[in-house]
Amino acid sequence: MTIAPKEFDFQVARLRLERKAKSASEKLTTLEAAAARVNDGDHVAIGGCLYSRTPLALIWALLRRRPRGLTLSRNLMSYEGEWAVVAGAADKLVTSWMGIGLPWGLSRIQREYVESGRLEFEEWSHLALGLRYRAAAMGVPFLPSLTMLGSSLMDVGGSKTVECPYTGETLHAVPALFPDVALLHVHRADRFGNGQIDGYPHMDADLARAATTVLMTAEEIVSDDEIRRHPDRTVIPGFAVDALVHVPYGSYPHECYGRYDAEPAHFTVYVDGIKERGAAGVTDYLERYVYAPRTHADYLALFDEAARRDAAARARMLTT
Amino acid sequence: MTCTANELLAVMGARALRDGITVFAGVGAPLMATALAQRTHAPTLTMMMEGGILGPSFKPGDLPISTNEMRAAYHAQMLPGISDAFLLAQRGFLDVGFIGGAQIDQYGNVNTSVIGGYDRPKVRLPGSGGANDIISLCREVMILTVHEKRRFSERVEFVTSPGYLSGGDSRRKSGLLFGGVSRIVTTLGVFDFEPESRRMRLTALHPGIAVADVQANTGFEVLVSADLATTEPPTDKELDILRMLDPKRQFIG
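Chains as they are written, first to last, in our numbering: chain W, 1 to 320; chain P, 1 to 253.
If we strip away everything but chain W, and leave its shape as in the complex, we get (with noise of 0.2 Å):
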């Protein structure tokens, strides 16, 4: 296996990055206005890790518009991937790990369609990925390691090894991972972008700077006085963000810290749906889930409200 130029090519990567718009203007926008911006055959990259922080408005609004070709790329993938290649909208995912968790098994989808040759799934390490976002987000083609080394992972992405100059030790030159798109959400950002994230901030700022296009969603969107008065609070800089967009609950029913719990029972009821059904379980689900409701706040909808009070409720106590 070899890795493909463009991800790890910081010239062209700094250049497609020169030629983008930096103004520091107004970047609010619609969720189907961000989603537009993501092109077949596209790279994209989804922040947060596992069911915390997931942006999953923009995955909504993106499936909604079937895309093709996708790969996406996370830390550690939850059921956002099963749904990208169920929806046929994404033929290669690059994660170290997928599933949900402990209680909820194996997933069924990265089995049948891996162990079936219709998906490419590219394995690395978790820190592995997380420097190779680092090192694009650095402008550097590649970032030495010592993990990874001596295992089979090494062959699966075409890592290579590189002699240190100064003391001739074998490292591992982890390549850099360059994505076209950048999807992440969020606790609060000013109209400009400038984002703000609480609790653990997992790879979020590294992806904002190693993208080409950054989507974002926010909690709420707060003033630019109100980002100013805590500015070492922000992780994410204005100039990097192309479209912003407030969504409340926008990982809802993924956690976001101190604003919301996760809903484990629902994650149950979606893979129980896939060990009666396999991948129709999945088809049903995006069919109610995201197909049929026409905007965010009916998708919302269809969970009940006293259980999202519930998850915020759960969410303070939590971290406070």
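No lab work stands behind these hints, which were simulated from the structure alone.
All residues carry an ideal CB built from backbone N, CA and C; glycine is no exception.
Be aware that a few hints might be false.
[Said to hold, decoys possible] Only pairs whose alpha carbons sit at most 16 Å apart, straight line, appear in this in silico EDC-like list of lysine to aspartate or glutamate:
| # | chain 1 | residue 1 | chain 2 | residue 2 |
| --- | --- | --- | --- | --- |
| 1 | W | Lys-20 | W | Asp-180 |
| 2 | P | Lys-122 | W | Glu-32 |
| 3 | P | Lys-122 | W | Glu-120 |
| 4 | W | Lys-92 | W | Glu-122 |
| 5 | W | Lys-92 | P | Asp-119 |
| 6 | P | Lys-173 | W | Glu-163 |
[As the list claims (entries may be wrong)] If you only want the chain P side, here are some residues facing chain W, beta carbon under 7 Å, derived:
| # | residue |
| --- | --- |
| 7 | Asn-68 |
| 8 | Tyr-74 |
| 9 | His-75 |
| 10 | Leu-79 |
| 11 | Pro-126 |
| 12 | Ser-128 |
| 13 | Phe-220 |
| 14 | Leu-223 |
| 15 | Val-224 |
[Claimed, not checked] Chain P stretches covered by chain W per the calculated footprint, using a threshold of three residues with CB under 8 Å from any CB of chain W:
| # | segment |
| --- | --- |
| 16 | 32-46 |
| 17 | 106-120 |
| 18 | 201-214 |
Start from chain W and add chain P according to the hints.
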């Protein structure tokens, strides 16, 4: 008191953790082992979790299902982000790491990726997650697992997380200058690795288990230490703490 397989693993894992160290642990038995050690003999032990969480506290009865959720971060001391958490391990700050294993060979190599060819596998497993990083970067790694013949096979066909590779100094030669698997704790006994060959070696049996039981449940020849010991069964105090942490028995079974 009788105990479950996961309780046994958590207790044996906890006893192997010295006070004052730093531990990289995931959810399930590793979390239970680390939390138990902190509440018994290791009050100055610091835990780190894969979600980028340092020094979590855990709320009894509300333990995390994943390492990337608020229950894992409950009353934590620092939330540095995932890559930066792993980089603390690469720098050398993490003494002991825990990983699990779908398939483990006699050199401690772990496969959690594929059974039967990478591109068209017979069984696609979830993948490395942080296991490869933990086994590559921590000073030593402990594996906690149920002991089943299908788990312990002579060779893993895919090395997701490298133990001692093909034995001897092959791990170091691959560029993995630090660390290694120090101990495997199973439901039958405790193993280390013979220093020369780096092959798995039985060092202690749990009460009531015979060497023949271990051999019958292992897919390769089991080396047995000259001073084979028997572990002390979990105490009531240890089990009480585990059951206080997990009253709904979500993780201890």
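Hint check results:
{"no.": "1", "hint": "Lys-20(W) with Asp-180(W)", "in the structure": "holds, 12 Å"}
{"no.": "2", "hint": "Lys-122(P) with Glu-32(W)", "in the structure": "violated, 40 Å"}
{"no.": "3", "hint": "Lys-122(P) with Glu-120(W)", "in the structure": "holds, 15 Å"}
{"no.": "4", "hint": "Lys-92(W) with Glu-122(W)", "in the structure": "holds, 8 Å"}
{"no.": "5", "hint": "Lys-92(W) with Asp-119(P)", "in the structure": "holds, 12 Å"}
{"no.": "6", "hint": "Lys-173(P) with Glu-163(W)", "in the structure": "holds, 13 Å"}
{"no.": "7", "hint": "Asn-68", "in the structure": "holds, 4 Å"}
{"no.": "8", "hint": "Tyr-74", "in the structure": "holds, 6 Å"}
{"no.": "9", "hint": "His-75", "in the structure": "violated, 9 Å"}
{"no.": "10", "hint": "Leu-79", "in the structure": "holds, 4 Å"}
{"no.": "11", "hint": "Pro-126", "in the structure": "holds, 5 Å"}
{"no.": "12", "hint": "Ser-128", "in the structure": "holds, 5 Å"}
{"no.": "13", "hint": "Phe-220", "in the structure": "violated, 19 Å"}
{"no.": "14", "hint": "Leu-223", "in the structure": "violated, 22 Å"}
{"no.": "15", "hint": "Val-224", "in the structure": "violated, 28 Å"}
{"no.": "16", "hint": "32-46", "in the structure": "violated (count 0)"}
{"no.": "17", "hint": "106-120", "in the structure": "holds (count 4)"}
{"no.": "18", "hint": "201-214", "in the structure": "violated (count 0)"}
Checked against the numbered hints above, the structure breaks hints 2, 9, 13, 14, 15, 16 and 18 and satisfies the rest.
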